[in-house]
Structures are given as C-alpha cells and as structure tokens.
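*Asks:* Sequence:
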Amino acid sequence: MNKNKSHILSNIASEAFYMYSYIPPAPAVYEKPREPSIFIKFVFLILSVLIVIVTSIIVFTYTWIENIEVYLLSFIAPLLYLQLIWRRDKYEPEPFFYVALAVALGAFSVIPALIVELILDVDTLFSVAIVAPLTEEFFKGIPVFWLARKREFNDSMDGIVYGFASGVGFASLENFSYIVYVYRKAIIPSLLRAFLFSIGHGIYTSITGYAVGRSKEKLNEPTLAYFIGGYIVASLWHALYNGTIVMSFLYTKSVTLTLLPSIAVDFLALTVLLMLIKGALRREENWGYDKGLAPK
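For reference, each letter of the sequence shown is one residue, going 1 to 296 in the working numbering.
Don't take every hint at face value.
Stated by the list, open to error - Calculated cross-link-like contacts (lysine to any residue; reagent style SDA-like; alpha-carbon spacing at most 25 Å):
id, residue 1, residue 2
1, Lys296, Leu45
2, Lys278, Thr223
3, Lys296, Pro24
4, Lys278, Val265
5, Lys185, Lys32
6, Lys278, Gly292
7, Lys32, Leu270
8, Lys41, Leu84
9, Lys291, Glu69
Honestly, the hints are just simulated from the structure, not real lab data.
Kindly produce the complete structure, drawing on both the sequences and the hints.
*Replies:* Spelled out as structure tokens, the structure:
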C-alpha cells in the first residue's frame, strides 16, 4: 500500500516538475492535419447544430422553442467563456468546426448522463455530491477522448480547448433546465446561473482534456490510463463544488452563504486551469510553436 502511494506521489511530482520544463515531444505534437474542404467544414457545422437541436428536443420536447429567449441566453456566457479559453491557444488554434462539434457532443452528453442519473435516482444529497459529478464528467469526457484521435488534437493545450468546449455544451443545456424548471425564470438566480455558475462544467472537463493531451505529448496517442486519471481529477473538482453547495446549505440555510463557497471553489479551479494553460503554452514554445513549427 505504501509502495503504491509512493508511486502515485512520484508521478504527481514528476508531472509538476515537467509542467514548465522541456521534454522531447512525441511525433503527434508536430502532426499536421489535412485541410478539409469548405463543404466538409460546412457539413461539420450543420451536423453540430442538428445535434444540439435534436438533443434539445429529446430532453426538453418543445419547451426550448416556447422559451427561445431563455434558451439563447443559456448559451451566451458559456460560449463567451469558451472564446476566452480558445483565444489562449495562440500558436496553433483549433479549427472552428471541430470546436463547434465538441460543443455539440458535450450538449448531447446530457442525454446519457440524464438516463444514468434517472436510473440511479440521483435526488439525495449524497448522489448530488458524488454520483452526479462522476456520471457527468464521464460522459462529457468521452467526446474529448474521441477527438483526441484526430490529427487536429496535438497536445494538452488542444485538450483544454476541446474539454472546455464539451463542458460548456453540457452547461448550456443545464442552464436552460435550471432557469425554466427550477428557478421558474426568476431574474436574479437565472442570471447568476447563466453568467456565473456555467463556467464550472467547462473547467472540470478541460482537466480531462489536459490529461488526454498530455498522453499525446508523451505517448503519441490518447490512452485510457491518462483519460481515467483526468476524469478522476475532474470528478473530484466537480464533487467538491457540488458538495460545498450541499453542505453550505445544510448548515446555513442561506442561499447567499451557500453561493459564496461554491464561487470560491470555481475560482480556485479556474486558477489551476490557468496554470495548466501557462504550462502548456510554455511547452509549445519549447517545441518551437512560436517560431513557426506549429502544425498548421
């Protein structure tokens, strides 16, 4: 047992050391994607829109059309946050049509996550704090793991972008659900949900994407071991957020006092994400991305 713990701690220390250090990259780091035709890009975009629409119909029937203004509002902040993260990928930006597909697949992941949560009857405080994060992070992470097999996905920075995209796709539909069915379109909680609390899903799944990207950097392919590692860390952050809300409300019975700790958790998670981005960009510079060697 002690030997296993030492091995885990050694891996964590090694990862922390190499975050800002030069390591010889795997060939995937320089693998150039094939430039798709305009038609293929158009097909990807149409497919992405259709996935979101079909998912919305399956989950909400036609309630989303009847509340189209709320539906559109639910996407504004998540997509704005995605744009800010996407712009950080400055040396080799991910193509719009692939990012759009990641958003759409993240939205689609609401369906299997909802099915599992209904089967497991996720309505107890324990389930909300533990089962929901494990379920949601798994299904949000699957699109990232699939996209990691594409040539456009080269490293951990790409993983952060695609992970964040999948997360905000999920968050956008969840926003609509909370605003319409829980808050009954009450202005203040609806705006808080749409513009403040929607960033968490993106942050958590970007950690999964980061881990998968590290696998491509070091092993030249996305591996299940790295995916599971990232998924566990993402789930822990998500569980900490949900658990903080549950425990704060149980002890304070105050909505305001409940929100403050959850905001602190997301702020800390965002700080960690920004550190991961800084390390990812540093490695890209070490690999010559800033000198024209990025696979564009």
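*Asks:* With reference to the structure, classify each hint as holding or not holding.
*Replies:* How the hints compare with the structure:
1. Taking the CA atoms of Lys296 and Leu45, the gap is near 20 Å; set against the 25 Å cutoff, the hint holds.
2. Annotation: proposed proximity of Lys278 to Thr223 holds, straight-line Cα distance about 23 Å (limit 25 Å).
3. Restraint check for Lys296 and Pro24: satisfied, since their Cα atoms lie roughly 20 Å apart, inside the 25 Å limit.
4. Among the hinted pairs, Lys278 with Val265 is consistent with the structure: their alpha-carbon atoms are about 20 Å apart, no more than 25 Å.
5. In summary, the hint linking Lys185 to Lys32 is not supported, as the alpha carbons are separated by about 47 Å, beyond the 25 Å threshold.
6. Annotation: proposed proximity of Lys278 to Gly292 holds, straight-line Cα distance about 19 Å (limit 25 Å).
7. Distance hint between Lys32 and Leu270 is unfulfilled; the C-alpha atoms sit about 30 Å from each other, more than 25 Å.
8. Between Lys41 and Leu84, the direct Cα distance comes to roughly 22 Å. Compliance with the 25 Å bound is thereby established for this hinted pair.
9. With a C-alpha separation of about 45 Å, the suggested pairing of Lys291 with Glu69 is violated against the 25 Å cut-off.
Going down the numbered hints, you'll see the structure goes against 5, 7 and 9, while the others check out.
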